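Protein sequence lines, in the order shown, are assigned to chains A and B.
Residue numbering for the first sequence follows UniProt numbering, beginning at 1 and increasing consecutively.
Residue numbering for the second sequence follows UniProt numbering, beginning at 1 and increasing consecutively.
Misleading hints may appear alongside valid ones.
Treat identical chains as interchangeable: a pair holds within one or across any two.
[Said to hold, decoys possible] List time: in silico BS3-like cross-link candidates among lysine-lysine, alpha-carbon distance up to 25 Å:
| # | residue 1 | residue 2 |
| --- | --- | --- |
| 1 | Lys93 | Lys31 |
| 2 | Lys39 | Lys93 |
| 3 | Lys179 | Lys55 |
| 4 | Lys93 | Lys56 |
| 5 | Lys55 | Lys93 |
| 6 | Lys56 | Lys179 |
Calculated from the structure, these hints are not laboratory results.
All of these numbers come straight from a predicted model, not from anything done at the bench.
Protein chains: 2
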Amino acid sequence: MTLISEHSETDTRERILVVAERLFRQIGYQKTTVADIAKELRMSPANVYRFFDSKKAIHEGVARGLMGGVEVEAQRIARSEGPAAARMRQMMKTINRMNTERYVDDSKLHEMVEIAMQEDWQVCVTHMETIGHTIGEVIAQGVATGEFEVDDLEVAALCAGTAMMRFFHPQMIAQCATKPGPTIDQMIDFVIAGLSPRIRAN
Amino acid sequence: MTLISEHSETDTRERILVVAERLFRQIGYQKTTVADIAKELRMSPANVYRFFDSKKAIHEGVARGLMGGVEVEAQRIARSEGPAAARMRQMMKTINRMNTERYVDDSKLHEMVEIAMQEDWQVCVTHMETIGHTIGEVIAQGVATGEFEVDDLEVAALCAGTAMMRFFHPQMIAQCATKPGPTIDQMIDFVIAGLSPRIRAN
Numbered sequence: 001m002t003l004i005s006e007h008s009e010t011d012t013r014e015r016i017l018v019v020a021e022r023l024f025r026q027i028g029y030q031k032t033t034v035a036d037i038a039k040e041l042r043m044s045p046a047n048v049y050r051f052f053d054s055k056k057a058i059h060e061g062v063a064r065g066l067m068g069g070v071e072v073e074a075q076r077i078a079r080s081e082g083p084a085a086a087r088m089r090q091m092m093k094t095i096n097r098m099n100t101e102r103y104v105d106d107s108k109l110h111e112m113v114e115i116a117m118q119e120d121w122q123v124c125v126t127h128m129e130t131i132g133h134t135i136g137e138v139i140a141q142g143v144a145t146g147e148f149e150v151d152d153l154e155v156a157a158l159c160a161g162t163a164m165m166r167f168f169h170p171q172m173i174a175q176c177a178t179k180p181g182p183t184i185d186q187m188i189d190f191v192i193a194g195l196s197p198r199i200r201a202n
Numbered sequence: 001m002t003l004i005s006e007h008s009e010t011d012t013r014e015r016i017l018v019v020a021e022r023l024f025r026q027i028g029y030q031k032t033t034v035a036d037i038a039k040e041l042r043m044s045p046a047n048v049y050r051f052f053d054s055k056k057a058i059h060e061g062v063a064r065g066l067m068g069g070v071e072v073e074a075q076r077i078a079r080s081e082g083p084a085a086a087r088m089r090q091m092m093k094t095i096n097r098m099n100t101e102r103y104v105d106d107s108k109l110h111e112m113v114e115i116a117m118q119e120d121w122q123v124c125v126t127h128m129e130t131i132g133h134t135i136g137e138v139i140a141q142g143v144a145t146g147e148f149e150v151d152d153l154e155v156a157a158l159c160a161g162t163a164m165m166r167f168f169h170p171q172m173i174a175q176c177a178t179k180p181g182p183t184i185d186q187m188i189d190f191v192i193a194g195l196s197p198r199i200r201a202n
C-alpha cells in the first residue's frame, strides 16, 4: 500500500513538472501561474502545493529536468571509448548544441534561464558543478593516458569549463551569436592545448 | 576663426558627455533625459541635438569614453617592458579590475551596459575588437621571443580573450561573483598554458 502510494506521488510530481514545462514553453515562464498548471491537470491549486511549496519550486523542478538532460548526455560521452581529447570535443559541442536548442532557440525558455541566473538559483550552481565534474573526469582519463598534463585536476576542470562560457552559458550563446569571436572548434582546440603536455621552462 | 570655432565645438561635445556620464551615475541611464542634460549645461535641448542626433548617440559617446579608458590602459601595459606572460597577466587583471569598478560596483552604470549589450551597440563590438587586438600584440611579442607558440595569431587572440569572459564581461563579473569557479590568476595561468610551447604529438 505504501509503495503504491509513493509511486503515485512520484507520478503526480512528474506530471506537474511536465505540464509546467509545456506551459512555460507555450505562454512563457512569467505568465504561467500555479492555477494554470492545476487547471490543466484537473486538480486544485492546493493539491499542486502539496507537491511543490511555491511557484519557484515548480520552476526549479523544470529547470532541474532540462539541465539534467544535458548532464546525462555529457556523462554518457565522458564514459564512452576513445581518446580523451576527442571525447572532450564531442562533450563540449554537445553541451553547446543542447543549451542552444533548449534555451536560445526557444525564447520562452530563455526567459526562465534569465530569471534563474538573476535570482541565483541553486539549480544553476549544481548544474555548473556537475558539468565541471564531468569535464574533470575526462581530464583525469587524459592525464592517466599521458594525453593531458595538469598540475591540479580540480582547477583544470574549472578553467576548461569557464573558458567555454561563450558556448555553454545560455545568455552568452544568445548575446555572442552576432559578435566577433572564435568558432567552437577553435575554442576547444585552445582548451585542449591548455591541457596538453608542455615544454617546461625549467 | 575656424580653429577657435572647431575647438569650442569639441569642447561642447565633451562637456555634454561629461554631464551625461555624471547624470547616468546619479539618477541612472534610463531616467536621464536629453532635457536633463541640457538643463545642467544651461543650454536648450535643440543645442544638444546639434552635437548628438539622438539620446542613444550620447549614451554611446559615454560608453565609448568609459571603454576607451580601459583600452588605453591595456595598450600601455602591452607596450611596456618585461616578459610577455607577465604583461599578459597584468593586462588581464587590469581589464578585470577596471570593468569591475566601472560597471559592477556602480549599479547605475551597470544598467547602461545591460542595455548596450541587449541592443547590440557597435561600441561594444569595437571595444571587444580593440581588446582582442591588444591581447594579440602581447601574444605576437611572446611568439617573437619564443615564450609563446601559436598556429594562428588572430585565432589565439580571440580564444585568449574569450576564455577570460567570466572576468572581462561586466554581466558575467556580476553574475559569477557568487558562483564556483577558478580565481582570475588560475584562469590566466590556464590561458598562458594554452599559448605556451607544447610537446607535439607528431
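Hint-by-hint comparison with the structure:
1. Lys93 with Lys31: neither (33 Å within a copy, 42 Å between copies)
2. Lys39 with Lys93: neither (39 Å within a copy, 53 Å between copies)
3. Lys179 with Lys55: between (36 Å within a copy, 24 Å between copies)
4. Lys93 with Lys56: neither (30 Å within a copy, 37 Å between copies)
5. Lys55 with Lys93: neither (33 Å within a copy, 41 Å between copies)
6. Lys56 with Lys179: between (33 Å within a copy, 20 Å between copies)
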